[in-house]
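Number of protein chains: 2
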Amino acid sequence: MYETLALVGATGAVGRIVLEQLAQRELPFKRLKLLASARSVGKEVHFRGETIKVELLEPGAFKDIDLVIASTPDEVSAEFASWAVDAGSVVVDESGYWRMDPKVPLVVPEVNPDAVDHHHGIIASPNCSTTQMVVALAPLHRAARVRRVVVSTYQATSGAGLAGNEELNDSIRSALVGQTHPPKTFQHPIGFNLIPQIGSEKHEGYTSEEMKMVYETRKILGDEEMQICPTCVRVPVASGHSESILVETERPLSIEEAKELLGQGEGITIVDDLSNGKYPMPRDCDGKDDVFIGRIRKDISGGNGIAFWCVSDNLRKGAATNAVQIAELMIKRSAMKTS
Amino acid sequence: MYETLALVGATGAVGRIVLEQLAQRELPFKRLKLLASARSVGKEVHFRGETIKVELLEPGAFKDIDLVIASTPDEVSAEFASWAVDAGSVVVDESGYWRMDPKVPLVVPEVNPDAVDHHHGIIASPNCSTTQMVVALAPLHRAARVRRVVVSTYQATSGAGLAGNEELNDSIRSALVGQTHPPKTFQHPIGFNLIPQIGSEKHEGYTSEEMKMVYETRKILGDEEMQICPTCVRVPVASGHSESILVETERPLSIEEAKELLGQGEGITIVDDLSNGKYPMPRDCDGKDDVFIGRIRKDISGGNGIAFWCVSDNLRKGAATNAVQIAELMIKRSAMKTS
Chain X
1 MYETLALVGA TGAVGRIVLE QLAQRELPFK RLKLLASARS VGKEVHFRGE TIKVELLEPG
61 AFKDIDLVIA STPDEVSAEF ASWAVDAGSV VVDESGYWRM DPKVPLVVPE VNPDAVDHHH
121 GIIASPNCST TQMVVALAPL HRAARVRRVV VSTYQATSGA GLAGNEELND SIRSALVGQT
181 HPPKTFQHPI GFNLIPQIGS EKHEGYTSEE MKMVYETRKI LGDEEMQICP TCVRVPVASG
241 HSESILVETE RPLSIEEAKE LLGQGEGITI VDDLSNGKYP MPRDCDGKDD VFIGRIRKDI
301 SGGNGIAFWC VSDNLRKGAA TNAVQIAELM IKRSAMKTS
Chain S
1 MYETLALVGA TGAVGRIVLE QLAQRELPFK RLKLLASARS VGKEVHFRGE TIKVELLEPG
61 AFKDIDLVIA STPDEVSAEF ASWAVDAGSV VVDESGYWRM DPKVPLVVPE VNPDAVDHHH
121 GIIASPNCST TQMVVALAPL HRAARVRRVV VSTYQATSGA GLAGNEELND SIRSALVGQT
181 HPPKTFQHPI GFNLIPQIGS EKHEGYTSEE MKMVYETRKI LGDEEMQICP TCVRVPVASG
241 HSESILVETE RPLSIEEAKE LLGQGEGITI VDDLSNGKYP MPRDCDGKDD VFIGRIRKDI
301 SGGNGIAFWC VSDNLRKGAA TNAVQIAELM IKRSAMKTS
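These protein sequence lines are chains X and S, in that order. With full-length UniProt numbering applied, the first sequence has no gaps in its numbers, which climb one by one up to 339 at the end. With full-length UniProt numbering applied, the second sequence has no gaps in its numbers, which climb one by one up to 339 at the end.
Bear in mind the hints are in silico, worked out from the structure with no lab data behind them. Fair warning: there could be bad hints in the mix.
A pair holds if it fits inside one copy or across any two, identical chains being indistinguishable in the list.
Unchecked claim - Listed below are the simulated BS3-like cross-link pairs for lysine-lysine, each with C-alpha atoms no more than 27 Å apart in a straight line:
(1) K298 / K202
(2) K259 / K202
(3) K259 / K53
(4) K202 / K103
(5) K30 / K259
Only chain X is shown next, with the shape it has when bound in the complex:
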């Protein structure tokens, strides 16, 4: 049973949406505790008609907490997770720190829900660019076994939190009056620009963000032989990651079958009518929970390829929504066991 819930990082970009989602989806817990670093302690947050004060994230904070949803930087998660697990809590963690730990399930509820049953106190939610791609790949993989993925991303500045969007606005305002705004959050000015680097150099010329898309996708889909070539690019868009994806499958898929599979895929909304100018775009997907897919077509470069365009709100399905869905799933499974 999960009756008490703690939210770590409640005042961040993702934490705010987690709170919205907890209220909207009416998760059946009795008490909510909000935890954050010293800087945010004492702030007041409104939730379901109550005012809750943010408390300090410290070793004793998890007493009597059943379930934790956490959205923090990697180094914060590395420290607090054991405090929570030692106190008997289960942690749904948004950070990158635990995702590739073999003892930690990495879960997208539409894709690998059963993985939540095998945790040792921590369940990880994937990187935003991975989550939406995996939702799209899952139905194709189940039906025809995905062997290869070539993906180029167009990632929003909100992926770097509230500071990312402030910097986008500042950079754009400066550029509009012919000035340069010195970048802090990003490596280079992002207004009217593209930055083909997210994260640091990691493996043979690929960045850490790109390698997350490789390793996390394989882990979630349970297929270590899936080959993935990612290029991750930051674009001057506030909200919503977009991905140009080419998939090759073991069994050839006709375009009709691929469209049918994607259309039936859980968590997927199809927007695909090129002749009438209809396809997913970041501004239309802002604030929505689904993964939106369009421009579905046969790869005309040979192979058993399907090409498509995939957009999702990176703070929702890419982060907050996925974590809340994991919590929902655990509450539901716990209720089934005890009933």
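Put chain S on the given structure of chain X with help from the hints.
Coordinates of chain S only, in the frame set by chain X:
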């Protein structure tokens, strides 16, 4: 001999840069005539210390003109080109109208300079997104035969001319104050957004812009069996097209050899030092003539693949510079023949 030159479309986004380039590169012609539609007739343009008045583009306008550089919409080119050819002029045409005509050479001077010798009065300059890709592919193709290309583009609004950039600025300014600016030049609002459609639906779910990248690349590289899967996307960047490119070659290329080939490629500047945050970005390539390449790495999804990132100023190498280079090449070859 090419002593008199006419510029058609002198007051457009590309025409202005053609004028700059003609002056900077000191093309050895004796007289310059400026032609445009009735709307621009009488406008005065400064060139090499002279003031030149724009004259009307009409059937008789090409008398005594040796060489024409034209940057106009397709339908304008369809009409005036025969006027020029009938008057004995040679036309270097920027529009899309003549590019795939079997009698018309499609030329990128670094790639297929000899093609200029086989014209019948019209030489075409390729689409902007094709030109920069072909400059990058050429050295790899010569050394190892390119069999397959998967490309996702990030295309600037200046590709739609001066109106495209005005709409980008208006759309961004409106969005910053929470309003929507009704799109005219683009199909949808472009500020803080991405539009995965450039051109109209053309072939099996691909757009006209995407199919230009397929057909024109094959024609320029002289290889009808080259397989290309493009995704063309408009991004909120004013100037500079970017492309995420994956290339498969017949003969496997090591990453060292690929870097060497690209580094020696004509018209290419390498900016490739990920660990120090160095790679091509549109704001850095604005106003430059080269094709900039970085993020060169082995395709980690199998095959003989090389992945890289390619940026170029779409109004320069993608349009004005390439046309002026074609004119230069013709003047040079003509001088060689007569000397």
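These are the hints, each one checked on the structure:
| no. | hint | in the structure |
| --- | --- | --- |
| 1 | K298 / K202 | between (32 Å within a copy, 14 Å between copies) |
| 2 | K259 / K202 | between (35 Å within a copy, 19 Å between copies) |
| 3 | K259 / K53 | neither (48 Å within a copy, 56 Å between copies) |
| 4 | K202 / K103 | within (23 Å within a copy, 50 Å between copies) |
| 5 | K30 / K259 | neither (42 Å within a copy, 60 Å between copies) |
Of the numbered hints given earlier, the model fails hints 3, 5; all others are met.
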